[in-house]
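Hey, can you work out the whole structure from these sequences and the hints?
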Amino acid sequence: MLTRLELQLAWNSFKWRIKSPPNAVLYILIVILCAVINFILNTFLNVSPKDIRLQTLSSVGATEISPYIAIFPGLTILLVSVSVKGFYGKLSTIEFTGPDLEILRSAPLKPHEVFLAKSLKVLIKRLLFTFIAELTFLTPIMSFFKMTPDRGIIFLSAILLYSCFLYFVEAFTFLASRLVMSSVKVRVRMALLVVPLTTFPVLFYREFLGLLNRVVFLPSSAVSKTLYVSLFRSVPLNSISYPMLSFLALFSGISLIVTFLSVSYYEKVETFEELTKADWLKFLRNRLKWSLGLRHSPLIAVFFKEFWTNLRASDAPLIVLDYAILLLVYLLNLNGAASASTTRFPASSLILAFSMLLVSFVFQPSLDVFLAEREKSWILKVAPISIQKVVLAKYFYSLILSLVTLLPPFIGLAFLAPFPAERLILSVSSVSLLILTNALGIFIGAHYTPASLREEFPVTGIFAFMGLISIAASPVVLFPLLFLSYPIALILVSVFILDYAIVLSYRFLEQATKSFSQRDDL
Amino acid sequence: MRMEILATVGILLLSLSIVLFYPSPSETFTLKVAITLQLDAHDRLSIGNITYEVLNEDLSEKEVVHILQYGQTHLNESGHRVWLALDLQGLSLPYHIQWTSPNMTIKSGSTVVHFFQNVEPGKYLLRIGVYASSDETEKPQLIEETRTLLI
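Here the protein sequences line up with chains A and B, keeping their order.
Each residue of the first sequence is one higher than the one before, starting from 243 at the first, in our numbering.
Each residue of the second sequence is one higher than the one before, starting from 1198 at the first, in our numbering.
The hints are simulated quantities; they were obtained by calculation from the structure and are not laboratory data.
Just so it is clear, the structure is predicted and the values come from calculations on it, not from any experiment.
Possibly wrong hints are sitting among the right ones.
[To be verified] Example chain B residues on the side facing chain A (calculated, C-beta under 7 Å, incomplete):
#1 Ser-1214
#2 Leu-1217
#3 Pro-1222
#4 Val-1251
[To be verified] Lysine to any residue pairs mimicking SDA-like chemistry, simulated, CA-CA at most 25 Å apart:
#5 A:Lys-510 x B:Leu-1203
#6 B:Lys-1320 x B:Tyr-1292
#7 A:Lys-510 x B:Ala-1204
#8 A:Lys-388 x B:Thr-1345
#9 B:Lys-1229 x A:Arg-393
#10 B:Lys-1320 x A:Glu-376
#11 A:Lys-360 x A:Phe-699
#12 A:Lys-388 x B:Lys-1229
#13 A:Lys-292 x B:Lys-1320
#14 B:Lys-1320 x A:Tyr-310
#15 A:Lys-388 x B:Leu-1347
#16 A:Lys-292 x B:Leu-1347
#17 B:Lys-1229 x A:Arg-475
#18 B:Lys-1229 x A:Tyr-484
#19 A:Lys-388 x B:Ala-1231
#20 A:Lys-352 x B:Met-1198
#21 B:Lys-1320 x A:Thr-285
#22 B:Lys-1320 x A:Ile-396
#23 A:Lys-388 x B:Leu-1288
#24 B:Lys-1320 x A:Pro-391
#25 A:Lys-388 x B:Val-1230
#26 A:Lys-363 x B:Gly-1207
#27 A:Lys-510 x B:Glu-1201
#28 A:Lys-388 x B:Arg-1324
#29 B:Lys-1320 x A:Asp-293
#30 A:Lys-388 x B:Leu-1322
#31 A:Lys-510 x B:Met-1200
Backbone N, C-alpha and C fix where the C-beta goes; we use that ideal spot for every residue, glycine too.
Quick look at the structure:
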């Protein structure tokens, strides 16, 4: 009943959105974009002349990379990311907003039942998005490997199941960590938050790494093997039955444990009284600074407001998450280097540049800075501060945050490039990329942020963000690679892309100011 | 009580998944190609049956050499002296590997087995070149055959 209500709400919200002309246009654009990507991939993989295709694949380092080496680290990075996110971050389905609490008060329901209903809605949405992504990106790959329908079904289902599994992993780490922390004393809690990070050096011991690979990476190993083996036409399909069964057992097991933990969570941890307070940085209360001590600039005050409020919400854990991913990539590299005879990561600078672009999709604090305000946006609007300064302060906040977070891994990635010129240009590109993507995120945030807490950030906004990044930021990462053999031109191109990033960012920030001031609902 | 049972079943399923994962296939595949060489009534050499099989194992160099030597136990002193050149080229992925056999003396029906290690899925073109001579002074005769493999 409750699940039906949640699904009805989601469906109504979709119908309401699609009725507004700008959203309808954007949905159509998304469909066209997916079709175009599918067409390009399909043409490249299945229609283009064999020699051109093989040459292109060779030029991006595909001679060295087996599909397994692409699948396994990708799935593992996702697995570790959601685990760390669950540990340090917040789980949207576990927190109840106004309408959820009203349902709880009036209906004979238990809190964990509301959580499960909300989780089911999240899972259905995930399945839908994953399926759209599969249709867009994977169908050309499936026909490239000449997969039979039965293998194709297994291939697609394993990915769909894994996307749902990731939600349970996030919920599991969130619930388990909160339950453990609620049962220990306050002093021990802080130690518990730091301990997982201090254990990373242990990973450098090969024996421990082997054990970790077997147990912790079991889900990603099982799914990777299922996917990889299903690509082989002449390997019998029954050989994937064991990894598939193992993953199904894991999936069922973790979903049951999450159900059990959610009951305990609402009994022992969540009292519905401290919903708005930070749950892990209580020591910051009443000790916050609002200026640099020299003079009270409104810009700095808004900047500090962003810093303190977001530190309590989601960004700080994401910094930790990012470093964890970086370490993980390093370890996978270390592991790969040990097992294969190569000592370097066999990737070309084109792949590295695209990795940077993809990582900047995932981590974007700029998208959240307006999202954190919602109903309270009017305070910023009526405050004696110009909206331009508010936008600028929010931009500087997210820029500094992403520079601190993403620059080390980006430079780390750049240094995996084979030639010094490529390293230099990828380092310059990464700074330009961050300048540009943050301004773009601020613009999208100001334009699409919903007015109330009940509404979620629209999918159209996420697609608009991804589409704009792909169009605006691609020259930043790709253009310099064309001039690798010409050192003088490379310096000029570096200056040009930095200039391009600054000018375009300024335009996006101007648009953000315009959008934010023109919106009546905020 | 119901929840405790749920948790117990969950933990049991997690343990079961570790057990079930143990017999999973490894991520290393080897392509086994077996080529049968035949001599006709006029003592002319030809390529007979070509079979291939994808094995889910990583054979060490030692094992590969061992199997080749096993193939050589079929040698006949009065047969042809041959050597094989195999060329496996990826049509899907830029995978390209070549192999040339040592000199062998064969009799009709001898099978030469070669293992291409760490193969990836996709379509491949296998070119087989057999250089044969019945006499040391004679110029080697070349017999060629190509096959498309979907592995």
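Now for the hints, and whether the structure bears them out:
1. The restraint placing Ser-1214 of chain B at the interface with chain A holds, with a minimum CB-CB distance near 4 Å, inside the 7 Å limit.
2. Here the hint on Leu-1217 of chain B is kept, as its CB sits about 4 Å from the closest CB of chain A, short of 7 Å.
3. The interface hint given for Pro-1222 of chain B holds, since its Cβ lies 5 Å from the closest Cβ of chain A, which is under the 7 Å cut-off.
4. At its closest, the beta carbon of Val-1251 of chain B sits 5 Å from a beta carbon of chain A; the interface hint therefore holds under the 7 Å criterion.
5. Straight-line distance between C-alpha atoms of Lys-510 of chain A and Leu-1203 of chain B comes to about 18 Å, which keeps the hinted pair within the 25 Å bound.
6. In summary, the hint linking Lys-1320 of chain B to Tyr-1292 of chain B is supported, as the alpha carbons are separated by about 10 Å, within the 25 Å threshold.
7. A hinted pair counts as satisfied when its Cα atoms are at most 25 Å apart, and Lys-510 of chain A with Ala-1204 of chain B qualifies at roughly 17 Å.
8. Taking the CA atoms of Lys-388 of chain A and Thr-1345 of chain B, the gap is near 14 Å; set against the 25 Å cutoff, the hint holds.
9. Taking the CA atoms of Lys-1229 of chain B and Arg-393 of chain A, the gap is about 23 Å. The hint holds against a cut of 25 Å.
10. A threshold of 25 Å between alpha carbons decides the hint, and for Lys-1320 of chain B with Glu-376 of chain A the separation of about 23 Å falls inside it, so the pair holds.
11. Distance hint between Lys-360 of chain A and Phe-699 of chain A is fulfilled; the C-alpha atoms sit about 16 Å from each other, no more than 25 Å.
12. For the proposed pair Lys-388 of chain A and Lys-1229 of chain B, the alpha carbon gap of about 21 Å is at most 25 Å, so the pair holds.
13. Straight-line distance between C-alpha atoms of Lys-292 of chain A and Lys-1320 of chain B comes to about 11 Å, which keeps the hinted pair within the 25 Å bound.
14. Of the pairs offered as hints, the one joining Lys-1320 of chain B and Tyr-310 of chain A holds, with about 17 Å between alpha carbons and a cut-off of 25 Å not exceeded.
15. Proposed proximity of Lys-388 of chain A and Leu-1347 of chain B is supported: the alpha carbons are some 9 Å apart, at most 25 Å.
16. Pair hint Lys-292 of chain A plus Leu-1347 of chain B holds up; C-alpha atoms about 16 Å apart against a cutoff of 25 Å.
17. The straight-line distance between the Cα atoms of Lys-1229 of chain B and Arg-475 of chain A is roughly 15 Å, inside the 25 Å bound, and the hint therefore holds.
18. As the CA atoms of Lys-1229 of chain B and Tyr-484 of chain A are separated by approximately 24 Å, the hinted pair is consistent with the 25 Å bound.
19. Pair hint Lys-388 of chain A plus Ala-1231 of chain B holds up; C-alpha atoms about 24 Å apart against a cutoff of 25 Å.
20. Proximity of Lys-352 of chain A to Met-1198 of chain B is assessed by CA-CA distance (about 16 Å); at most 25 Å being required, the pair is judged to hold.
21. Under the criterion of a C-alpha separation no larger than 25 Å, the hint pairing Lys-1320 of chain B with Thr-285 of chain A is consistent with the structure, at around 17 Å.
22. With a C-alpha separation of about 21 Å, the suggested pair Lys-1320 of chain B and Ile-396 of chain A falls inside the 25 Å cut-off, and the hint holds.
23. The hinted pair formed by Lys-388 of chain A and Leu-1288 of chain B meets the criterion: a straight-line CA distance of about 12 Å does not exceed 25 Å.
24. With a CA separation close to 18 Å, the supplied pair Lys-1320 of chain B and Pro-391 of chain A stays within the 25 Å bound.
25. Our distance criterion of 25 Å between C-alpha atoms is met by Lys-388 of chain A and Val-1230 of chain B, whose separation comes to about 21 Å.
26. With a CA separation close to 22 Å, the supplied pair Lys-363 of chain A and Gly-1207 of chain B stays within the 25 Å bound.
27. A C-alpha spacing of about 16 Å is found between Lys-510 of chain A and Glu-1201 of chain B, which places the hinted pair at or below 25 Å, so the restraint holds.
28. Distance restraint check for Lys-388 of chain A and Arg-1324 of chain B: the Cα-Cα separation of roughly 21 Å lies within the 25 Å cut-off, and the hinted pair is therefore satisfied.
29. With a C-alpha separation of about 14 Å, the suggested pairing of Lys-1320 of chain B with Asp-293 of chain A holds against the 25 Å cut-off.
30. Straight-line distance between C-alpha atoms of Lys-388 of chain A and Leu-1322 of chain B comes to about 15 Å, which keeps the hinted pair within the 25 Å bound.
31. A hinted pair counts as satisfied when its Cα atoms are at most 25 Å apart, and Lys-510 of chain A with Met-1200 of chain B qualifies at roughly 15 Å.
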